[in-house]
Amino acid sequence: MSEGFRCTDPRTGDLLTAYQLGLLEEAERLRVEQHLIECSHCQELAYDEAPAALVMRTRPQALLPSLERSLATGRPSLAQRWRVALRGARRPRVLVPALAAAVLVVVLVSIEQREPGDLADLARLTALRYELVDHRAGERDPALQQFRAGMERYVGGDYQGAAEHLAAAVSAYAADPARASTPQAWQARLYLGLSHLLAGQPEAALPFLREATASPLRPVADHARWYAAQALLVQGSAQDAAVLLRELAAGSPGYVESARQQLEELQPWLRGD
Amino acid sequence: MTDAADITAHSLDSLAGRWLEGDREAESRLFEDLHVRFLAVAKRRVREDDVEDVVQDALKTVLDRYGTQGESPGILVWGYTVLRNVIGNHYQARAREQQRRENVDDLAALPEASAAAPDELEIASEEQRLANAIADLGRRYPRCGTIFRAILASLGQGGSPREITARALVEARRRQPGLERNAFYVALHRCRGYLREQLATGEGGADRV
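Which chain is which? The protein sequence lines are A and B, in order.
The numbering of the first sequence is numbering that gives the first Met the number 0, which starts it at 0 and goes up by one.
The numbering of the second sequence is numbering that gives the first Met the number 0, which starts it at 0 and goes up by one.
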């Protein structure tokens with residue numbers, strides 16, 4: 000039932016399992032308990048998982064033997080999965096295309112089978128709030144019209160639609176040297192990047208977000224750094240993400256805490272397995 | 000009744016410890032707090048007319064049974080397990096009543112209400128299901144398997160929260176050197192999410208209410 004709700008404070012919500020297993024000190028226990036009063040998502044999780052948590056706390060050693068055996072066995076290597084995929088495709092006329100197909104499948108499965116606790120799970124993809132403002136001048140300004148159309152879709156959650164209009168706005172601003180560095184031009188780049196990211200396209204997002212980090216407007220530049228870091232996390236680039244997060248942690252009024260916390264979460268990837 | 004926002008300065012487990020030592024004020028504050036929490040969950044599952052009865056049944060079981068079996072597994076974990084059983088019993092009682100009204104002969108086909116307090120049979124059943132799911136998770140995702148192994152091994156040795164975490168971190172750092180405490184908790188929570196999926200797609204186990 001937790002699916003119908005979203006966590007109101009993920010930083011505290013992430014401590015829920017540790018709380019249920021009795022790993023937290025008093026101050027953190029209080030913090031989680033306060034959170035459980037306010038957050039329906041975590042209430043439901045705590046309720047649903049109570050029986051399992053009870054077993055883990057009271058009979059942990061009963062759960063270990065089968066886990067030890069599974070860890071000792073390990074998961075099949077790429078080569079093993081390839082051999083399984085090729086089994087039966089022995090005739091040469093079948094083998095070559097089957098081989099190509101099997102390689103493709105195995106590679107795709109390897110890419111798709113992300114391990115939980117992987118880097119992309121750390122990315123925080125919450126939409127940046129935007130309040131629509133009436134621009135009378137927009138009626139005769141195609142670039143601004145496209146920007147407004149894009150932001151209307153962004154606010155409505157249609158990120159793909161937003162990206163299409165914002166791309167047109169960015170092109171229009173870029174084509175006019177006098178307007179290429181206006182606040183709307185920087186905002187258009189930022190929100191275009193963000194729209195791509197929220198539409199699940201981190202590769203398309205990054206160029207625009209990186210461009211926006213050069214904005215002379217501090218809030219725009221900081222937002223762009225943050226979301227570029229999130230895009231890099233989705234792509235699996237821990238080191239590159241950390242560079243941006245360190246910049247934010249060094250003194251961005253809006254992101255210093257979030258950046259520090261995320262850098263802490265990134266430590267395992269920065270030092271390597 | 001305590002307002003939902005009025006939280007005491009002591010954690011629930013701290014209050015529970017004091018209650019079990021005979022502190023009546025702690026007992027009162029603890030049960031007011033639990034009442035608020037149980038109500039929030041029960042309201043989403045039970046008809047408005049029955050919510051308070053269900054919550055009171057659960058609280059009474061906690062009052063009568065918590066701490067009587069030696070282990071103190073965290074009062075909210077234990078309390079939510081009790082509440083789940085009470086709500087499950089409530090559904091079964093309603094189903095039996097419905098069948099009775101429809102004059103169905105085979106009332107024996109309906110399960111009897113289980114004990115509200117989690118008993119050995121229930122814990123053993125959940126244990127098997129969980130052991131299978133954790134093992135499957137370890138096979139598919141070794142990183143999560145390592146984290147769970149570290150935690151379970153350390154829980155088995157007992158101690159304070161700090162001691163348990165410290166031991167588990169030492170173990171987890173064999174695979175992830177430099178792993179920080181908070182990152183460990185976050186990874187544990189994420190892995191728990193995948194375990195939840197494993198349990199949801201697995202066979203057997205108690206019905207979820």
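Heads up, a few of these hints could be off.
Each pair of labels, with its calculated beta carbon distance range [said to hold, decoys possible]:
no.	chain 1	residue 1	chain 2	residue 2	range
1	B	Ala199	A	Glu256	42 to 50 Å
2	A	Glu24	B	Gln91	36 to 44 Å
3	A	Glu25	B	Glu196	42 to 50 Å
4	A	Pro182	B	Arg139	21 to 29 Å
5	A	Asp239	B	Ala94	53 to 61 Å
6	B	Arg173	A	Gly199	34 to 42 Å
7	A	Arg217	B	Pro176	31 to 39 Å
Straight-line Cα separation of at most 20 Å, SDA-like style, residue types lysine to any residue; simulated pairs [stated by the list, open to error]:
no.	chain 1	residue 1	chain 2	residue 2
8	B	Lys59	B	Asp48
9	B	Lys42	B	Asp52
10	B	Lys42	B	Glu31
11	B	Lys42	A	Ala179
12	B	Lys59	B	Gly16
13	B	Lys42	B	His9
14	B	Lys42	A	Ile36
15	B	Lys59	B	Ala94
16	B	Lys42	A	Arg10
17	B	Lys42	B	Glu101
18	B	Lys42	A	Ser39
19	B	Lys59	B	Leu19
20	B	Lys42	A	Val255
21	B	Lys59	B	Glu101
22	B	Lys59	B	Glu96
23	B	Lys42	A	His40
24	B	Lys59	B	Glu24
25	B	Lys42	B	Glu24
26	B	Lys59	B	Val45
27	B	Lys42	B	Glu26
28	B	Lys59	B	Asp49
29	B	Lys42	B	Gly66
30	B	Lys42	A	Cys6
31	B	Lys59	B	Ser27
32	B	Lys42	A	Pro141
33	B	Lys42	A	Gln183
34	B	Lys42	B	Leu58
Keep in mind the hints are simulated off the structure, nothing from the lab.
Glycine included, every Cβ here is placed at the ideal spot set by N, Cα and C.
Verdict for glutamate 25(A), glutamate 196(B) (Cβ pair) under range 42 to 50 Å: At 32 Å between Cβs, range violated.
Given pair status - glutamate 96(B), lysine 59(B), alpha carbons within 20 Å: 23 Å, violated
Hint consistency between lysine 42(B) and aspartate 52(B) [alpha-carbon to alpha-carbon, up to 20 Å]: 11 Å, holds
20 Å limit on alpha-carbon distance, applied to hinted pair lysine 59(B) and leucine 19(B): 15 Å, holds
Pair hint outcome, lysine 59(B) versus serine 27(B) [Cα-Cα no greater than 20 Å]: 13 Å, holds
Proposed proximity, aspartate 49(B) with lysine 59(B) (alpha carbon, max 20 Å): 16 Å, holds
Proposed proximity, proline 141(A) with lysine 42(B) (alpha carbon, max 20 Å): With Cα atoms ~52 Å apart, lysine 42(B) and proline 141(A) exceed 20 Å; violated.
Range hint compliance [Cβ, aspartate 239(A) to alanine 94(B), 53 to 61 Å]: 57 Å, holds
Holds or violated: lysine 42(B) to cysteine 6(A), with C-alpha atoms at most 20 Å apart: Between lysine 42(B) and cysteine 6(A) the Cα gap is close to 19 Å, so the pair holds against 20 Å.
Given hint histidine 9(B) paired with lysine 42(B) - CA-CA distance at most 20 Å: 26 Å, violated
Given hint glutamate 101(B) paired with lysine 42(B) - CA-CA distance at most 20 Å: 27 Å, violated
Holds or violated: lysine 42(B) to alanine 179(A), with C-alpha atoms at most 20 Å apart: 55 Å, violated
In terms of the numbered hints stated before, the structure departs from hints 1, 3, 4, 11, 13, 15, 16, 17, 20, 21, 22, 25, 27, 29, 32, 33, listed from lowest to highest.
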